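Going down the list, the sequences are from chains U and D. Everything in the first sequence is counted per our numbering, starting at 1 for the first residue and increasing by one. Everything in the second sequence is counted per our numbering, starting at 1001 for the first residue and increasing by one.
Just so you know, these hints were derived from the structure itself, not from any lab. Predicted model only: the values in this text are computed from it and were never measured. Even for Gly, the Cβ is constructed at its ideal location relative to N, Cα and C. Check before you lean on any hint, since a few could be wrong.
Claimed, not checked - One-sided excerpt, in silico: chain U residues whose CB lies under 10 Å from chain D:
hint : residue
1    : Phe18
2    : Ala46
3    : Lys51
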Amino acid sequence: MQKEEIIKIINNFLVEEFEIDESKLKPEALLKDDLGLESLDFVDVAVIIEKEFGFKVKGEDMVSVRNLNDLYDYIFNYLNNNK
Amino acid sequence: MNRRVVITGIGIYSTIGKNLDEVKDSLYNGRSGIFLDQERKAYGYQSGLSGKIDQPQLKGLLDRRSRVSMPEQAEYAYMSTLEALKIANISQDHIDKNNIGIIFGNDSSTPALIRAVDIIREKKDTMLIGSGSVFQSMNSTVTMNLSVIFRLKGVNFTLSGACASGSHSIGMGFLLIKHGYQDCIVCGGAQEINLFCVGSFDTLGAFSKRESDPTKASRPFDKNRDGLVPSGGAATVILESYESAVKRGAPILAEVFGYGFSSDGVHISVPDVDGPRRAIQMALELADIKPGMIDYVNAHATSTPLGDANEAEAINAVFGNAKPFVSSTKSMTGHEMWMAGSSEVVYSILMMQNSFIAPNINFEEPDEHTCKLNITNRTIDKEVNLFLSNSFGFGGTNSSLIIGKFK
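Isolated chain D, as found in the complex (with noise of 0.2 Å):
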């Protein structure tokens, strides 16, 4: 079997804005939404910066027991899967009587672990740590809360791919719809954002020290770029088969043409070139597309010296002359890691719906690779029909989606 699958709802709970109007107006405008963390600093960290998000509030939306498992990751996906189901026009009678599956992007889950050995090390014993700490401990926490909030019954896991998560998240419900196994799965990523997630990421130095000014630490491709902002929050993206969706008279936002995946096999930390060019390819294979058709490539691009220029040489290594306009959103968002990839998938759907396309802020000048591209650093009123968007992971993990307009 090998169907067409679409996007028929899209959610976001991010550092740019808690809901799709918001995180548009944000993008359109250019909004950062990095902060310096002084928490970071007193405990020493090499950088404070940082992506800064609002707590949703669940009480009195979520009942005490649905509460109690879910660490901050699974409230952002739970904030935006609503609003995907919403735009999606899925109620909860119709996830009742068909088999929608879920697959979330998520790597880590970590102050509730933390919590808990410090309770058993304090204590000598297992007895106040509560019960919800392993279902707030796992990576498997936000598709194992959600399954059961919104009563999901199809397929049921997540997805652990460093930095490409929530793109390869999207790749494999891709797969499952267009081969047959699935008519409808709930995608996304997410990733939490507290001191605690990075400070084995704060000791590779890999953070931007720019301090002095956090809305301008964020810059790929830029040529004084120094280092990533972690940042996180949540996004939802409702991928469903065509006939489904034709079937309940579904909104369609978007389809997905193809999926690309590869590894390095050369550093665990270190991206390569090779790696997310052989990603790139297969997708625009699978899509059956050309490089000259692309409008625009979402770029993985963290505002790190190396990463930045390898994916860089991939792009223009498959592009060449066809100079597609490039951005990284994670000039504005910073790096939004396990989110990033169907975060990203968000954000350019937005773009291709209200006819822009993003700037790459706090890009002032090129480097010898990054000048290779068509980078914008304002926005561009312009219609967009199909779009690359990249994810490229510690350990050498790979991702590339291409998705355009439903015609």
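With the rest of the complex left out, here is chain U (with noise of 0.2 Å):
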């Protein structure tokens, strides 16, 4: 999958499911501080991921997910990855 579509996907759950403006959505923004997501946040976007990119979140890589382009990378690395 290419990048560009990784982020039109997580963009569009952001502002559809988690109802962040779209403006805030911003490759630097920090999930957390930023766009305002909290650990019980966290647990439904891994539902998402899988839902939407077929693979299970662990949460260690997470850790080093601090914003939105991290969130992007992480998943185009681990699609990549793991074809």
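Could you fit the two chains together into a complex? Lean on the hints.
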């Protein structure tokens, strides 16, 4: 999957499901401080990632995912390394 | 400490109205909220009858994080509590500066747990269950959610007492305020309406099978009653100490004079006569009120052959020749179960405020027990100063409240 498509899917669920204002979805936006995602939300993010991208997020992998671009890259790298 | 306890706010989200005005109108006009749910028939239920309720639209009112943890009965309770807080003139600022508690009656929360277990069975994994499930699944879901949404700081728990839950919650709130532990408590009852939560009830054959005429199926005290109709929604009753209400200039809608409780200790599903009689008597004694002073009895009566008969005998044993008007609003709403004790207090307060007694619709002919009561199947225009509200539940849990005009 191309990174553009990953960005589109992630941004779409952040707007539609998490009701985050689209204007806030900048690559450098911090997931917690800028987008307001908290620990319970990450449980649901993992559910959506499994549904949209077909893999289970591992808790320890997510530690280094701080901003939106980190999230895009995490998914892109996982999909490309695990074909 | 022994203080007067008053009611400063009421709210309702019910099968007969989404707010107090709609409900008052339905009560006065004897309007039923029952329908035949074809989905239950498709699942092979003995009875497809149910109360019908519109789902509230909370997107825009509450953020996602709040909504994700809320099952349907918490949504209903949110709506009824919004209304009650408004009537009570309790702002969020007042809540933030005070120690207001919440006690709600609830005794089940079914679909979320079923969905979670279905996922576990299918995926052999808990990962897809999502963050809201556990909060939706617990009995304390209503108080859990509302205490966070309204930023409440006082007592916080859910009371499970089967069909007496909503009444006991007011009773417990009454005791806490009366004896000085809290100044103000948001009390109430909430009940989910979905086919999953009543399947195990349906198997008992406890539901009316009068599917050809849904609005006539719930007929408490009537000779031809054949079972209850499950229903739901939520009701909120805000209790406050008299001093606290006066201090902030709150409207005082009514006063709680007495609360009586008992356990039958006899049978897990068949209600007794003695247990309810003792609860009613205890409420009267605590209120220091004679039976003859009660203008109206809002009966528990659920339209079951034995339950209604036993309550009739219990009421007759206490009231004797004093024949207050009796009606069961379950004739219109169906059996609101964990919500009922609270909603029926709201319905009775609406009657008291508007000087009428709601009819026990579908009461056409009494039997040898119910003939002993002064049951009205018509709306009566009459001043009501004091009423008794009964709620009796599975396991023989009994609750009686005596509420009246504040003087």
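Q: May I ask which of the numbered hints given earlier this structure violates, with the numbers listed in increasing order?
A: none
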